[in-house]
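> Here is what each chain is made of, one letter per residue.
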Amino acid sequence: MSSESRSAKAAKIRHLLETEGEAVATNTRGFNQGRYDSVAELEDYQGLKDQARAIKEDAIERLPELLDKLTETVEANGGTVYIAEDAADANEYVAEVCADAEADRVVKSKSMTSEEIEVNDHLHSRDVDVVETDLGEWVLQLADEAPSHIVAPAIHKSRQGIAELFDERFDPDDPPETAEELTMFAREKLGELIEGADVGMTGANFVTADTGTMALVTSEGNARKSVTVPDTHVAVAGVEKVVPTVEDLQPFVELIGRSGTGQDITSYISLFTPPIDSPTVDFDEPDTPITDGETDREFHLVLIDNGRLAMRDDPELKETLYCIRCSACSNTCANFQSVGGHAFGGETYSGGIATGWEAGIEGLDTAAEFNDLCTGCSRCVEACPVKIDIPWINTVVRNRINEGGDGGSFDFLVDGLTPDAEDDASPTLQKRVFGNFETLAKLGSATAPLSNWMAHSRPVGWLLERSLGVDHRREFPAFRRQTLVKWARNRDETPSAEPERRVVLYPDVYTNYMLVERGKAAVRTLEALGVDVEVPSVPGSGRPPLSQGMIDTARAKAEGVADALSPYLEQGYDIVVIEPSDLAMFTGDYERLLPSETHDPLAANSYELLEYVYGLLENGASTGALSVADGPETVAYHSHCQQRTMSLEAHTVAVLTECGYDVTTSDAECCGMAGSFGYKTQYYDLSMDVGENLAGQLRDAEADHILASGTSCTDQIGDLLASDPRHPIELLDPGR
Amino acid sequence: MTTRSDTYDRFADSAAAYDVELTRTTVESLPETIADVLEEPAVGAPLPWEGCSLPDAVTIDPTPAQLNAAVSGVTAASLAIADYGSLVLEATPGGSEPASLFVDTHVVVLREQDIVADMETAFEWFGDRFRETHGSAIIATGPSATADMGALVKGAHGPKAVHVVVLR
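Keeping their order, the protein sequence lines are chains A and H.
Mind the numbering: the first sequence is residues 193 to 928 in our numbering, read in order.
Mind the numbering: the second sequence is residues -10 to 157 in our numbering, read in order.
Hints listed in this document are in silico derivations from the structure and should not be mistaken for laboratory results.
Keep in mind that this is a model prediction, so the values were computed, not measured.
Warning: the hint list may mix true and false statements.
[As the list claims (entries may be wrong)] With a straight-line cut-off of 20 Å between C-alpha atoms, the simulated SDA-like cross-links for lysine to any residue are: (1) H:K143 to A:S350; (2) H:K149 to A:G383; (3) H:K149 to A:E372; (4) H:K149 to H:T(-4); (5) A:K241 to H:E109; (6) A:K241 to H:E113; (7) A:K381 to A:D402; (8) H:K149 to H:P30; (9) A:K381 to A:E369; (10) H:K143 to A:K579; (11) A:K261 to A:D402; (12) H:K143 to H:Y7; (13) A:K678 to A:D724; (14) A:K204 to A:T558; (15) H:K143 to A:G383; (16) H:K143 to A:R351; (17) A:K241 to A:K510; (18) H:K143 to A:E373; (19) H:K143 to A:G226; (20) A:K510 to A:G555; (21) H:K143 to A:T370; (22) H:K143 to A:E372; (23) H:K149 to A:E380; (24) H:K149 to H:D(-2); (25) A:K261 to A:A279; (26) A:K241 to A:K261; (27) H:K143 to A:A355; (28) A:K579 to A:Y237; (29) A:K634 to A:P669; (30) A:K241 to A:G780; (31) A:K381 to H:G144; (32) H:K149 to A:P368; (33) H:K143 to A:K678.
I would like the entire structure built from these sequences, with the hints used as guidance.
Printed below as a string of structure tokens:
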């Protein structure tokens, strides 16, 4: 990406932050909180998710067989099934159905699949009027805008904006203003349009092979009217929507509303087995009872491949097909909350899972437009009701985009700094430099303080921004001449004769070369609690290259870490990790990078630092050896995103509380820095906008101490509050 | 052990969260109770249970014009789900679906014995039922609603209020 295209991207993001950011943030954060509240009421949330996941895995595995069965069932019910290869094929079929029905007007309920194939445009070209009857979709149709959210398509529009739109389009005598008035206005207008409709078109959230029943998850009642009133019903759905039986719908019905908009259940879950056994409502015969005469309904189920069957054969993209379009991954994503689907989205889909959909349906070019907005923070992983590893899909697609890329014209500048394993790949120079951060850190530390003076000098800053897209408003972290490993080696602590436990404190790249004080504090704290601590030289975890989609480089790093730590693991050492994103590598991502016999022992014996301290205290160690609160002291704590996904926030809070601190935690999903993301010029504004949500909460807490566990969070909070937060261990450090 | 009365109470609590009103009655007083609850003009679909009838004020087999003019619509629920406060509305050849959809207030008649505890039980019922009848049903929870216009509004395309008459 050139410096010009980075500026263009930054400008687009800035524009969306200004025009749509506020409405998107309010709505998505509301949905996200609703999700937390609603799933907490379930007796067995995890069990339901497991069940939903298993049903999808099985259904996609048996897809060809289920499609045959479904076709047979729908035909026996009196309907027709058409399997369309692509969008053009589907559109042509739908147009023919409309022509046969001599249709002038189609009324539609909300359907992402119909957005994907752009059926409205096709029908308009055949002089068929298509009316979106979902209120949000109708607003967008009037405004000629694209959805910014897969469930609440007009989430970016304010009430006032909608009022102005209605005013402009309809010039009503008594312009509606309140939400209630606007809704009633739309209901009336759309009611008239539905009355004269010839064809009703819907999507389908699920279709059961055993009965041909389709489930539609809605709230307004427009889908019911669109199906009930006209005598012809066309449903368009991706082939992946089929599930074996009616009973299989149950976990999805319980999860979809909760996961998406935070509703326990939406107003209407329609279970239609079309053609439905209900009289049509013919408003051309206003005085003939609806039950008079025979009801003769037609039903067409258009199942769309459009790249899905190829995704099914792609081991990395296959999981995308389990997606139930609930929008949890959008709502929980800090970047999405700030900027919405007009930036974080492709042709049709938006949010974290969109990378999988767009890569599979449209191609890598489309996915490349927005894929970088996934920072791998992993907050969507626990939110996803079918447990899709969304960050991994984003990483894989990024890797594929890298492979098709061309590094750029400044490659010569950094040849020695980028010793990556991306042989066949050509990630952008920006990605390569950030992906090889460990090499930079080593060099920076070896040449400190000169390197720090250099990094802060104006000409170097200009060059970094111009060539690498490192934003000049960001301050580089200072490298330290004495690394943690060197410091530990030079200490003359004699190991205790009978230590309680022996640990390797993993000297992650940030702690080792930059945030050395938190490493020293960790050593002193663990020793005070009776633990023998070693700090051997171990390579970086591979998190930076993985974040840049440089999977081969990350794998090489993982192998290096495993080689260095295996001898210790064999001797019964525990591995204690300070940087949460590195622990997430050891316990999670390495599963995909290393053979299980190497990954399993490392995952099983690695602990987050405060998790480990918590365990020691639970097993009899005393806080007496630590630095504890002196009277009433308050702490505002931001846990790291991946730490929260690993359910490890509570341990830090518990230890701090036990040490006498009154702790307030932030509910921001991510700090917005996310490794290198916030350093990139094209994302600087977005990163700061995301960070401001956190900074506001930290300021409001008015605490004596501001603490953060991750390096990125530390940098980000430092930039936002103009003072660097400390790691919790630095508060507990007996040597402070 | 969960008794029938516990299940009813749980249903009532869950439904109340959506401002759904409940009135309990007997088969004998049913027409009278419905007449008290509804607002005219009213439409409806025949109740599927023996001995249960609708008051005269309810027009069955309505015309499209009558549907559009109706304030209340009276139809039967096949099932209710206590955990969610949901009602299961089956589409019938007698026009239950339009009568429950084109009105401002949906009056639902429910037999207390048809309240099931949870979604799992409901879906066992749906499975058996649909494989036999190839029918359609709506799981309706509260009135129709939308938040698309900047705040939650009840009564989007469907009813603005739901009133359940429970037959003991």
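> Which hint numbers does the structure go against, in order from smallest to largest?
Hints 4, 7, 10, 24, 25, 26 and 33 not satisfied by this model.
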